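Participant: Chain residues, written in single-letter form:
Number of protein chains: 2
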Amino acid sequence: MTTNYSPQLWLYDTTLRDGTQREGLSVSIEDKLRIAKRLDQLGIPFIEGGWPGANPKDVQFFWQLQEDPLKHSEVVAFCSTRRPNTTAAEEPMLQAILAAGTRWVTIFGKSWDLHVTAGLKTTLEENLAMIRDTIEYLRSQGRRTIYDAEHWFDGYKHNPSYALQTLETAMASGAEWLVLCDTNGGTLPHEVSQIVQTVISHLSLVIGQETMTMPQIGIHTHNDSEMAVANAVAAVMAGAKMVQGTINGYGERCGNANLCSLIPNLQLKLGYSCIAEDQLTQLTEASRFVSEVVNLAPDEHAPFVGRSAFAHKGGIHVSAVERNPLTYEHIQPEQVGNRRRIVISEQSGLSNVLAKARSFGIELDQLKAEAKQILQRIKDLESEGFQFEAAEASFALLMHEALGGRPKFFEVKGFQVHCDLIEGKQASNALATIKVAVDGKNILEAAEGNGPVAALDAALRKALVNFYPQIATFDLTDYKVRILNGHTGTAAKTRVLVESGNGHQRWTTVGVSTNILEASYQAVVEGLEYGLLLHSQAAAAVKASS
Amino acid sequence: MTTNYSPQLWLYDTTLRDGTQREGLSVSIEDKLRIAKRLDQLGIPFIEGGWPGANPKDVQFFWQLQEDPLKHSEVVAFCSTRRPNTTAAEEPMLQAILAAGTRWVTIFGKSWDLHVTAGLKTTLEENLAMIRDTIEYLRSQGRRTIYDAEHWFDGYKHNPSYALQTLETAMASGAEWLVLCDTNGGTLPHEVSQIVQTVISHLSLVIGQETMTMPQIGIHTHNDSEMAVANAVAAVMAGAKMVQGTINGYGERCGNANLCSLIPNLQLKLGYSCIAEDQLTQLTEASRFVSEVVNLAPDEHAPFVGRSAFAHKGGIHVSAVERNPLTYEHIQPEQVGNRRRIVISEQSGLSNVLAKARSFGIELDQLKAEAKQILQRIKDLESEGFQFEAAEASFALLMHEALGGRPKFFEVKGFQVHCDLIEGKQASNALATIKVAVDGKNILEAAEGNGPVAALDAALRKALVNFYPQIATFDLTDYKVRILNGHTGTAAKTRVLVESGNGHQRWTTVGVSTNILEASYQAVVEGLEYGLLLHSQAAAAVKASS
Numbered sequence: 012m013t014t015n016y017s018p019q020l021w022l023y024d025t026t027l028r029d030g031t032q033r034e035g036l037s038v039s040i041e042d043k044l045r046i047a048k049r050l051d052q053l054g055i056p057f058i059e060g061g062w063p064g065a066n067p068k069d070v071q072f073f074w075q076l077q078e079d080p081l082k083h084s085e086v087v088a089f090c091s092t093r094r095p096n097t098t099a100a101e102e103p104m105l106q107a108i109l110a111a112g113t114r115w116v117t118i119f120g121k122s123w124d125l126h127v128t129a130g131l132k133t134t135l136e137e138n139l140a141m142i143r144d145t146i147e148y149l150r151s152q153g154r155r156t157i158y159d160a161e162h163w164f165d166g167y168k169h170n171p172s173y174a175l176q177t178l179e180t181a182m183a184s185g186a187e188w189l190v191l192c193d194t195n196g197g198t199l200p201h202e203v204s205q206i207v208q209t210v211i212s213h214l215s216l217v218i219g220q221e222t223m224t225m226p227q228i229g230i231h232t233h234n235d236s237e238m239a240v241a242n243a244v245a246a247v248m249a250g251a252k253m254v255q256g257t258i259n260g261y262g263e264r265c266g267n268a269n270l271c272s273l274i275p276n277l278q279l280k281l282g283y284s285c286i287a288e289d290q291l292t293q294l295t296e297a298s299r300f301v302s303e304v305v306n307l308a309p310d311e312h313a314p315f316v317g318r319s320a321f322a323h324k325g326g327i328h329v330s331a332v333e334r335n336p337l338t339y340e341h342i343q344p345e346q347v348g349n350r351r352r353i354v355i356s357e358q359s360g361l362s363n364v365l366a367k368a369r370s371f372g373i374e375l376d377q378l379k380a381e382a383k384q385i386l387q388r389i390k391d392l393e394s395e396g397f398q399f400e401a402a403e404a405s406f407a408l409l410m411h412e413a414l415g416g417r418p419k420f421f422e423v424k425g426f427q428v429h430c431d432l433i434e435g436k437q438a439s440n441a442l443a444t445i446k447v448a449v450d451g452k453n454i455l456e457a458a459e460g461n462g463p464v465a466a467l468d469a470a471l472r473k474a475l476v477n478f479y480p481q482i483a484t485f486d487l488t489d490y491k492v493r494i495l496n497g498h499t500g501t502a503a504k505t506r507v508l509v510e511s512g513n514g515h516q517r518w519t520t521v522g523v524s525t526n527i528l529e530a531s532y533q534a535v536v537e538g539l540e541y542g543l544l545l546h547s548q549a550a551a552a553v554k555a556s557s
Numbered sequence: 012m013t014t015n016y017s018p019q020l021w022l023y024d025t026t027l028r029d030g031t032q033r034e035g036l037s038v039s040i041e042d043k044l045r046i047a048k049r050l051d052q053l054g055i056p057f058i059e060g061g062w063p064g065a066n067p068k069d070v071q072f073f074w075q076l077q078e079d080p081l082k083h084s085e086v087v088a089f090c091s092t093r094r095p096n097t098t099a100a101e102e103p104m105l106q107a108i109l110a111a112g113t114r115w116v117t118i119f120g121k122s123w124d125l126h127v128t129a130g131l132k133t134t135l136e137e138n139l140a141m142i143r144d145t146i147e148y149l150r151s152q153g154r155r156t157i158y159d160a161e162h163w164f165d166g167y168k169h170n171p172s173y174a175l176q177t178l179e180t181a182m183a184s185g186a187e188w189l190v191l192c193d194t195n196g197g198t199l200p201h202e203v204s205q206i207v208q209t210v211i212s213h214l215s216l217v218i219g220q221e222t223m224t225m226p227q228i229g230i231h232t233h234n235d236s237e238m239a240v241a242n243a244v245a246a247v248m249a250g251a252k253m254v255q256g257t258i259n260g261y262g263e264r265c266g267n268a269n270l271c272s273l274i275p276n277l278q279l280k281l282g283y284s285c286i287a288e289d290q291l292t293q294l295t296e297a298s299r300f301v302s303e304v305v306n307l308a309p310d311e312h313a314p315f316v317g318r319s320a321f322a323h324k325g326g327i328h329v330s331a332v333e334r335n336p337l338t339y340e341h342i343q344p345e346q347v348g349n350r351r352r353i354v355i356s357e358q359s360g361l362s363n364v365l366a367k368a369r370s371f372g373i374e375l376d377q378l379k380a381e382a383k384q385i386l387q388r389i390k391d392l393e394s395e396g397f398q399f400e401a402a403e404a405s406f407a408l409l410m411h412e413a414l415g416g417r418p419k420f421f422e423v424k425g426f427q428v429h430c431d432l433i434e435g436k437q438a439s440n441a442l443a444t445i446k447v448a449v450d451g452k453n454i455l456e457a458a459e460g461n462g463p464v465a466a467l468d469a470a471l472r473k474a475l476v477n478f479y480p481q482i483a484t485f486d487l488t489d490y491k492v493r494i495l496n497g498h499t500g501t502a503a504k505t506r507v508l509v510e511s512g513n514g515h516q517r518w519t520t521v522g523v524s525t526n527i528l529e530a531s532y533q534a535v536v537e538g539l540e541y542g543l544l545l546h547s548q549a550a551a552a553v554k555a556s557s
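First to last, the sequence lines map onto chains A and B.
The working numbering numbers the first residue of the first sequence as 12 and each following residue consecutively.
The working numbering numbers the first residue of the second sequence as 12 and each following residue consecutively.
Everything hinted at is true.
In this list, chains with the same sequence are indistinguishable; a pair is considered to hold if it fits within one copy or across any two.
Lysine to any residue pairs mimicking SDA-like chemistry, simulated, CA-CA at most 20 Å apart: (1) LYS48 / GLN516; (2) LYS252 / GLU179; (3) LYS82 / ILE286; (4) LYS419 / LYS473; (5) LYS419 / VAL536; (6) LYS419 / TYR479; (7) LYS446 / TYR479.
Bear in mind the hints are in silico, worked out from the structure with no lab data behind them.
Note that the coordinates shown come from a computational prediction; the quantities given were computed from them, not determined experimentally.
Bound-form chain A, shown alone:
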């Protein structure tokens, strides 16, 4: 940690440990390293990397970080207290923790008497010994420790004096942070506030009687009551100095406290400095990056960083927003690296289309036919089933077209797709042949693929890659099909959303047809087109700035 780093609040990220408990989420070691590096850039002081004693993958992770350390953040190894009726020195899990080579270690221990007696099946005294022994041992090995008081609030409610004893024990053993964990996620903010205040007063009294350093208080919340962020804020306002959470609120059950909501609330609204201002502007991108790495769709409606967080729908106040944003937006989206969006929908009026064009850097004259034309085209397409809100790339191409400026990178002259699946024989690949013209030159290519869409996509790229080498960096990253009007009795339309990426950006294009292959073809072709458009815009921007 750089020595001049002194935030008012210490952020502690557990995306790589608690976050990975989320159902359906599973990350490789490389994924974890990529995320850790990004959190380092974001300015998060503590990054809980995993539990090397329990997860073999984590042993590797920590080892890699010893070889190639982070620049600023402290990476933290996580572990439980030693088991009952042994010593910390003889506990193999703790050896794995030491081998991880981190300066800091987080130890979690039981705060709730019931968990000790019924869960661990040991005595209340032994649990205190486990806490003391583990922390003292780690300190003797040169580690700085954070103590996570598991099930703190419920434990306190059921047996406050025992719960406080566990904290006192951790404190007396030299833990530098005592983190109160709402492990079940059931506590409410007013309770958190009152209990945190009680803890701080109580410990101050105890400290007063001994010669000890007062540890600082941290808070670790879960979202089972939709209060994780509110609880963390309540704790901070009651004196906690560390907040634990995850990017995008990933975690078990309903998730952990979402750092992407917490940080802007604490820093922009309550004035606690956590990370540098320019690091805060990276928040939205960090959120999307992490969702990308763990292969989860980003939550478009997430506070602060969601794609819809500053999306204004309905013609009524769009012009009012542009004139005076803070009367309709609670913060400036740029402060967290997000941006205002004007949503085009059935209810859109002309002002929405104009605003949207502006957001793509296109100035439309209100009186010109283009604007009305675009609006009409959108309405027509939407009534056919196109959904531009989810396919901004297709919308952008539509606008360029209406303005007469849609670049003609290629022209598909014809194609054919053939697929067979015969049970009992090995399933054959689909085969696509495509004829494309680039700069007046015809190219005929054929390709196989795992299915008709993949075959078409492969043939198209094969045909184009010599003219547009950047295509080699494009990937089809996702493919969604939604069946429209399924219950109307008429032929159901299929809407296909294809997501493409080039390594650092993703874009979505849409196709609609009663035939899924036709719909897929539309979306795939537009996906390539948009990728080429982005590339040419980036090249032009570089040229302009040199």
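Given the coordinates of chain A, work out where chain B should sit on it, guided by the hints.
Facilitator: Quick look at chain B alone, frame taken from chain A:
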């Protein structure tokens, strides 16, 4: 409203008005009526149905409800105050409100001076006149009124005396509820608490000086700071008696206060009665029903009602949870109609598989080979890319198979799928032929479809529907493809998740292959199988109880 209904808090649902502002959401009149009926059953006293003056669809909606009224809930028409410089009696929008024929009307008005002068471009005095005139007019026409103070908290912060004047005006005009709206969603709970208390004291003083009935205070929050629920709870604890929100938190930008989190918090934790106990047990189903009707995927990680809300992962404490649930769960899932789930994953141990089997009603003997066999099969399949967490129906079938009890509804003997897509000609449909055996009898059928998967699905159903007429009620409701290992360089596997439904239940099945058609085929066949299994289980249950 039944006269003996006297909750301690009044719930006000705006799913059908504010909720529909969510990006990508669009509902038909029939959809709105279905939702309204469900909310009625749930016991929600106020249902804001729409804005008939602004939305033609809503005129129809209210008219339908006059013909076929709800049993208990009050349906409410929503509207703005009259425009400046006219009279309420001459305002056409208000005529539409009256035509809606509701007993209650909600009027929203400006609380923030800036919105009045810069937005509405009128005077502060005229705005007060608009509030007064509109409410008095509606009352003269026999309507009971609720006043929504738009942008209340920001308006109060910027010009408290004017904001309070708008409330006093509404109160003096006879509004029965004054709802403080955090329209920008930027307020924090401690601010809400303090401002609500201030409002209540202030109005009590004013009341004391006049002969007026004290209106009650309501709260309407948005989730831009991830505080919508916390803010609503803070307001209630400060004296508010009405909470406004939406099912699943649907709404513009980051959504409205989520009633599915609010109601259990208020009722189960804070002891405010809102709806009947047995109605609360319908909450989870109501949440899923609404998401189904609006065609949005349910949020699996939603507090209280999410599929993962009580999902326990990791072998460690699963046995502890079963012995003593309240030490690991903040409420009993059954209280909101949800259930505990044991998650099977890479980290699963034997105890997880046993617990999961139990949740499907299957008792496995710990020592028997089946349990270990299932675990091994799961691990093998998962390493190939199957993801059972998202495809519980496939998992259930796997378990039945391992126990030797997987019913053989049909056996696919062979099939062939052929599809052509020739640009320039009309895209032809895909054609599938299938040979199936049922009870030893062979059936050969062919069918066309909008694509290879649809054709296979259609042919299979055609072959089976005479034996299993219930198949006619099954629908393919969604189809998702995820490309696995896209960046490893080896042949990418494709995972297909197929969601099927029978009108009141949905289930997901999975298929994995390098060939998308093969993967789709697996998922489709299991989807039909599971639907038939459900049907036979339901039939057996009916028989058993008669």
